[in-house]
Each structure stands twice: as structure tokens, then as C-alpha cells.
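K.L.:
From just these sequences and the hints, can you work out the full model?
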Amino acid sequence: MRLAHGVWEGCGKDVEEGRSMAKEGEGWRRKYVTLMSAAFFLHLILLTYFSKRREFFLNLISQFVDEAWKQKKESMDAIVAMDALQMKFNCCGVHGYLDYSESNQRVPFTCCKLDISTCSMKGYEIVPGCREAFVSYWDTKTEMILFSGIAIAGVQLACLIIGFWTVYKLTRK
Numbered sequence: 007m008r009l010a011h012g013v014w015e016g017c018g019k020d021v022e023e024g025r026s027m028a029k030e031g032e033g034w035r036r037k038y039v040t041l042m043s044a045a046f047f048l049h050l051i052l053l054t055y056f057s058k059r060r061e062f063f064l065n066l067i068s069q070f071v072d073e074a075w076k077q078k079k080e081s082m083d084a085i086v087a088m089d090a091l092q093m094k095f096n097c098c099g100v101h102g103y104l105d106y107s108e109s110n111q112r113v114p115f116t117c118c119k120l121d122i123s124t125c126s127m128k129g130y131e132i133v134p135g136c137r138e139a140f141v142s143y144w145d146t147k148t149e150m151i152l153f154s155g156i157a158i159a160g161v162q163l164a165c166l167i168i169g170f171w172t173v174y175k176l177t178r179k
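Note that the working numbering gives residue 26 to position 20 of the sequence shown, counting from 1, and the numbers run on in steps of one.
Quick caveat, the hints were computed from the structure, so don't treat them as lab data. Check before you lean on any hint, since a few could be wrong.
[Said to hold, decoys possible] Derived BS3-like pairs: lysine-lysine, alpha-carbon spacing no greater than 25 Å straight-line: (1) Lys-147 - Lys-37; (2) Lys-94 - Lys-76; (3) Lys-79 - Lys-94; (4) Lys-147 - Lys-94; (5) Lys-175 - Lys-58.
[Stated by the list, open to error] Simulated restraints, written as ranges between beta carbons of each label pair: (6) Asp-145 - Asn-110: 44 to 50 Å; (7) Ala-45 - Glu-108: 49 to 55 Å; (8) Leu-166 - Asn-65: 31 to 37 Å.
All values reported here derive from a predicted model rather than from experimental measurement. For each residue, glycine too, the CB sits at the ideal point set by N, CA and C.
P.N.:
Below, the structure is given as C-alpha cells:
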């Protein structure tokens, strides 16, 4: 409570003292508001760019899963990447467990939902493909990024309005 009172009193004194020193710091205040405006508009531009390129980003993620599957026979890194995807997202293959059986491969235990004892061919049938699971995960994350960006832009706009109002009040006479 004392801290809040001290901050309130300090801000009040700063405004009172600021009026007398308005001419002294006027240039800095305007530079601050200008930089704040530039940051706000840059934020809006990046947010718009990200929202327009969202589908492209999701397509890249889809291609990542396809590439990991294609290189699985040639690269140990691709095997590790597919196994990590299958364990993390409870998925199997690119489209489902049939990717393994159609290519005459044994369905790995990473396709199981952490219950190896009951892991049979019937258990694999309900497990989704990794492309669908991975793209769905990132689709949700990009929505969260966009909505968070919009919320941050709202806060920036409020700060910008307060900044303009403060400069106006301190330089008005």
C-alpha cells in the first residue's frame, strides 16, 4: 500500500514539476512519442505480415513432416525426427499407421500411446497421422500468437494515446 501511495505521489510531483520544465524536456518527450508510434506501426505491419503468411508457414510445417518421412530410409536424423513427432503428438506415420504397412515396414513402438503392452495393429488404427497432428498443433499456436499480438497492439495503442495526451498537456500554455 505504501508503495502504491509513493508511486502515486511521485507521479503527481513529476507532472507538477514537469509543467515547469516543459520547455526543457519537450524535445525528448516528442522523440519518445515518435519512437513509440514507430514501434506501434512496426508491430502492426509485422502482425499483418504474419497473418497473411500463416498458411505458408503451415505448409512449411506439413512439408517438414513429408521430408522427414521421405528421408527416413536414408538418415538416422530423419528417423529420430519421426520418432520424436510420433511420441510428442501421439501420431503414427504421415497419414496414419498404413504408411508403415504399405511400405513393408514394422510399425514402431513410438506409434503407441505409451502403452506398449496393449499396442497391437488394432491400437494403431485410431492414431492420427503426424502431418495432421503437427499442423493442427501449430495452427492453434499461430492463432494464439495472432491474438496475443492483437492484445499487445491494444496496450501499445493505449500507451500511445496516453503519451500523446501527456505531451499535449505538458506543452500546452
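K.L.:
If a hint holds in the structure, say so; if it does not, say that too.
P.N.:
To see whether the hints hold, each was checked on the structure:
1. Lys-147 - Lys-37: The hint is violated at about 36 Å.
2. Lys-94 - Lys-76: Roughly 20 Å separates the two Cα atoms, so the pair holds.
3. Lys-79 - Lys-94: Status holds; Cα separation ~21 Å.
4. Lys-147 - Lys-94: 15 Å, holds
5. Lys-175 - Lys-58: Measuring from Cα to Cα gives roughly 39 Å; hence the hint is violated.
6. Asp-145 - Asn-110: 44 to 50 Å: Violated: the Cβ-Cβ distance is about 33 Å, outside 44 to 50 Å.
7. Ala-45 - Glu-108: 49 to 55 Å: With a Cβ separation near 53 Å, Ala-45 and Glu-108 satisfy 49 to 55 Å, so the hint holds.
8. Leu-166 - Asn-65: 31 to 37 Å: With a Cβ separation near 35 Å, Leu-166 and Asn-65 satisfy 31 to 37 Å, so the hint holds.
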